[in-house]
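J.: This is what each chain is made of:
4 protein chains.
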Amino acid sequence: MQETQTENTRDKKREQILESAALVFSQKGYRLTRMNDIAQKADMGKSTLYEYFTSKSDLFMAVFGWLKTRYQVTADGFALNGKSAQENLSNLIQGWVASLVDMDVHYQLIMEFWAATASSEVKDQLKQAFADIYQTYREVILKVIEIGMKRGELKEDLDPEAVSAGVIGALDGIFLQAWFKPEMDPTKISNHYITTLIQGLSADPHRS
Amino acid sequence: MQETQTENTRDKKREQILESAALVFSQKGYRLTRMNDIAQKADMGKSTLYEYFTSKSDLFMAVFGWLKTRYQVTADGFALNGKSAQENLSNLIQGWVASLVDMDVHYQLIMEFWAATASSEVKDQLKQAFADIYQTYREVILKVIEIGMKRGELKEDLDPEAVSAGVIGALDGIFLQAWFKPEMDPTKISNHYITTLIQGLSADPHRS
Amino acid sequence: MQETQTENTRDKKREQILESAALVFSQKGYRLTRMNDIAQKADMGKSTLYEYFTSKSDLFMAVFGWLKTRYQVTADGFALNGKSAQENLSNLIQGWVASLVDMDVHYQLIMEFWAATASSEVKDQLKQAFADIYQTYREVILKVIEIGMKRGELKEDLDPEAVSAGVIGALDGIFLQAWFKPEMDPTKISNHYITTLIQGLSADPHRS
Amino acid sequence: MQETQTENTRDKKREQILESAALVFSQKGYRLTRMNDIAQKADMGKSTLYEYFTSKSDLFMAVFGWLKTRYQVTADGFALNGKSAQENLSNLIQGWVASLVDMDVHYQLIMEFWAATASSEVKDQLKQAFADIYQTYREVILKVIEIGMKRGELKEDLDPEAVSAGVIGALDGIFLQAWFKPEMDPTKISNHYITTLIQGLSADPHRS
DNA sequence: CATGAATGAGTGTTCATTCAT
DNA sequence: GATGAATGAACACTCATTCAT
Numbered sequence: 001m002q003e004t005q006t007e008n009t010r011d012k013k014r015e016q017i018l019e020s021a022a023l024v025f026s027q028k029g030y031r032l033t034r035m036n037d038i039a040q041k042a043d044m045g046k047s048t049l050y051e052y053f054t055s056k057s058d059l060f061m062a063v064f065g066w067l068k069t070r071y072q073v074t075a076d077g078f079a080l081n082g083k084s085a086q087e088n089l090s091n092l093i094q095g096w097v098a099s100l101v102d103m104d105v106h107y108q109l110i111m112e113f114w115a116a117t118a119s120s121e122v123k124d125q126l127k128q129a130f131a132d133i134y135q136t137y138r139e140v141i142l143k144v145i146e147i148g149m150k151r152g153e154l155k156e157d158l159d160p161e162a163v164s165a166g167v168i169g170a171l172d173g174i175f176l177q178a179w180f181k182p183e184m185d186p187t188k189i190s191n192h193y194i195t196t197l198i199q200g201l202s203a204d205p206h207r208s
Numbered sequence: 001m002q003e004t005q006t007e008n009t010r011d012k013k014r015e016q017i018l019e020s021a022a023l024v025f026s027q028k029g030y031r032l033t034r035m036n037d038i039a040q041k042a043d044m045g046k047s048t049l050y051e052y053f054t055s056k057s058d059l060f061m062a063v064f065g066w067l068k069t070r071y072q073v074t075a076d077g078f079a080l081n082g083k084s085a086q087e088n089l090s091n092l093i094q095g096w097v098a099s100l101v102d103m104d105v106h107y108q109l110i111m112e113f114w115a116a117t118a119s120s121e122v123k124d125q126l127k128q129a130f131a132d133i134y135q136t137y138r139e140v141i142l143k144v145i146e147i148g149m150k151r152g153e154l155k156e157d158l159d160p161e162a163v164s165a166g167v168i169g170a171l172d173g174i175f176l177q178a179w180f181k182p183e184m185d186p187t188k189i190s191n192h193y194i195t196t197l198i199q200g201l202s203a204d205p206h207r208s
Numbered sequence: 001m002q003e004t005q006t007e008n009t010r011d012k013k014r015e016q017i018l019e020s021a022a023l024v025f026s027q028k029g030y031r032l033t034r035m036n037d038i039a040q041k042a043d044m045g046k047s048t049l050y051e052y053f054t055s056k057s058d059l060f061m062a063v064f065g066w067l068k069t070r071y072q073v074t075a076d077g078f079a080l081n082g083k084s085a086q087e088n089l090s091n092l093i094q095g096w097v098a099s100l101v102d103m104d105v106h107y108q109l110i111m112e113f114w115a116a117t118a119s120s121e122v123k124d125q126l127k128q129a130f131a132d133i134y135q136t137y138r139e140v141i142l143k144v145i146e147i148g149m150k151r152g153e154l155k156e157d158l159d160p161e162a163v164s165a166g167v168i169g170a171l172d173g174i175f176l177q178a179w180f181k182p183e184m185d186p187t188k189i190s191n192h193y194i195t196t197l198i199q200g201l202s203a204d205p206h207r208s
Numbered sequence: 001m002q003e004t005q006t007e008n009t010r011d012k013k014r015e016q017i018l019e020s021a022a023l024v025f026s027q028k029g030y031r032l033t034r035m036n037d038i039a040q041k042a043d044m045g046k047s048t049l050y051e052y053f054t055s056k057s058d059l060f061m062a063v064f065g066w067l068k069t070r071y072q073v074t075a076d077g078f079a080l081n082g083k084s085a086q087e088n089l090s091n092l093i094q095g096w097v098a099s100l101v102d103m104d105v106h107y108q109l110i111m112e113f114w115a116a117t118a119s120s121e122v123k124d125q126l127k128q129a130f131a132d133i134y135q136t137y138r139e140v141i142l143k144v145i146e147i148g149m150k151r152g153e154l155k156e157d158l159d160p161e162a163v164s165a166g167v168i169g170a171l172d173g174i175f176l177q178a179w180f181k182p183e184m185d186p187t188k189i190s191n192h193y194i195t196t197l198i199q200g201l202s203a204d205p206h207r208s
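First to last, the sequence lines map onto chains A, B, C and D.
Its first residue numbered 1, the first sequence is counted upward by one per residue in the working numbering.
Its first residue numbered 1, the second sequence is counted upward by one per residue in the working numbering.
Its first residue numbered 1, the third sequence is counted upward by one per residue in the working numbering.
Its first residue numbered 1, the fourth sequence is counted upward by one per residue in the working numbering.
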């Protein structure tokens, strides 16, 4: 257990770098960030970064992974519980909204990753990663919808694929607009919007 | 009229540069595009670009403007016509979806601008520009909804701000997901989704 | 003929770089030479070098080619003339010695290339190039010796391969030693040595 | 005797480093060798190397010394024995050739040192060292020749300086060529060449 | 007006060396 | 004594921009 350097120490330093990198990437963007900036922020020599990450883009991706882990929304168990599809949908979505809100200071950083999917060296990796994240959520929602349809809670002529994609998309899009217009309150909008949507989905629209 | 160069010629050349730049930015991304690439594609000397645009970012912004003009969805007249809110919404949305679909080859380019709002030198200009675009659309939808509510076509407890933001957001988000997952058909999903949504919005849900 | 830049100008500039590079490489060695040094010596911006050569090692190899051309010993016609093998050998060797002496200021540079065959990125290219040069010379000498043997001018039990390699080797080795010990006069030593050697080769040793 | 570390241990470790360094320098060349590589090969920590050698170049020079010691050709006693100059020359040369052949795996390494005389930080030290080695050999051969001339075994009009330099040079040059052209057999060529040369040197050329 | 040529500021990365334990 | 960790100096190369023609 007594290694040359405690794993603890190493992990701590790694975390320190990750956090500094997150901050600087967030402020300056990937392209405009210099390794030096990160090193300074992390209060260490530039080359030390290379002891922990092989390159700038490696570090960038590591920050992505770090963020992903930090804000992972666990969507397990939603499909199979006893609640109604409406309730489950609402909870699921609220969970996701909460996580988006929670990211708060990291939203700029997420934009950065998002932006990097358009060009950058890591565009393919990132695109895949994003695709996976979306895929996961879409599948959970999909299942909830399908079950709701079977149970007769939701309309029978829905296209579950389209709806799940739309729900995810709507939330994303709302937060995106809030990103462009800071005075918007994406949480409030999301909630209201979702309520309305669920009514559109429900078999018996008089039900809340 | 007998200038050193006809305005005509100058405009033509400008257009030529713009198109070449659009193409190259789209293929390589802003960051990875070299002025040289654009010059070659436009079949002219590198320095000539600087006769028409002061800098790379200036050119980038010019391409943005060019694209914006090209795909401007005219939303005029929707609010005041005699159709129902549902119809107007549907048309509006279909118009926008059509324009998104129409962009087709330029979608990658749009991503590029989108990405540039996150960092880049022109981030502020672009952010503002996007905000304006969204704002414009939101306002039209907003108006349609408000009128629909007044007329009793739509539910009376809607938050028009939230709904309009949500509608725009949903469409954006759907196309975004399709960008990550090419086998998706964003048009079909949008249409289905919108139908469902409008039902949620309608005062009398049995109406289509 | 009136191109964007006269080929003349371009060649002149190229030559200028080559000469500056030759000088700096010669003084500092490949490894210790910075592109900047060369640019300064050539009185131009660093990046201009890259307009003419793709990389440091490319430039290095170009200097090698330049030097090779400059000091190419033409060994043509030696085998087939009417002179005796002894005379031809003597002339050939004197020609080579003369060229070695002529290199004079470039000897250090040649060492540099020689050294680069041991490691460096271009080691393989250079090794091949040197091998070719040696091969060429060896073959001329070989032919002269074979003809001399046929004619009975040289001993009949010679191994022409061995002798030609030895002759070339001896000259090289002598200059090498002079490189280590500047007070040596490699020309004098070569001449004397060769005289002795030719006597050893001759069928009738009493002949000069 | 009970030091903090037995001299024995220390020497052993030093040797271990030296051997590892020799190997790595030989494979990658001075410039491309990293201290890390050597440390790993020697199965110890990087910094430990600095306990035994002050710097990379110091280590390089130490390897040179190590190699020099290992392959030192003892030329003592050749001048003063009862054998003929021809025999002594032949033996001397064969001894040297044997040592060159013996070096075998180390030939690449020798090239490396040789190359380092051209530039590198240690160029002056190395140049001096090589000069000394050559000087030593030349002197032995010189003496043998002078005695041979006095005894009338060798021609009387020889320039002993030139001949000794030439002999050494020839051998070096032959091995050099074999280095460039691996299919050559330098031993065979050396022997043949030397035989011929000695005949040229001999007062009575009919003697073998 | 058009442009080829020239440029220098800017940066990721390597690696010998030092230092704290 | 031994070593893993930390470091900063060093450097090739790129590319937006300018300039001379």
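No lab work stands behind these hints: they were computed from the structure.
In this text, all values refer to a predicted model and were calculated from it rather than measured experimentally.
Mixed in with the good hints there might be a few duds.
Identical chains share a label here; the pair holds if one copy fits it or two copies do between them.
[Unchecked claim] Heads up, simulated PhoX-like pairs for lysine-lysine below, C-alpha to C-alpha not over 20 Å straight-line: (1) K181 to K127; (2) K83 to K46; (3) K181 to K143; (4) K155 to K188; (5) K127 to K143; (6) K28 to K123; (7) K143 to K46.
J.: Work down the list of hints and note, for each, if the structure agrees.
T.: Going down the list of hints, with the structure as the test:
no.: 1; hint: K181 to K127; in the structure: between (26 Å within a copy, 9 Å between copies)
no.: 2; hint: K83 to K46; in the structure: neither (53 Å within a copy, 63 Å between copies)
no.: 3; hint: K181 to K143; in the structure: between (33 Å within a copy, 19 Å between copies)
no.: 4; hint: K155 to K188; in the structure: between (26 Å within a copy, 18 Å between copies)
no.: 5; hint: K127 to K143; in the structure: neither (24 Å within a copy, 36 Å between copies)
no.: 6; hint: K28 to K123; in the structure: both (18 Å within a copy, 11 Å between copies)
no.: 7; hint: K143 to K46; in the structure: neither (48 Å within a copy, 55 Å between copies)
Checked against the numbered hints given earlier, this structure breaks hints 2, 5 and 7; the rest are met.
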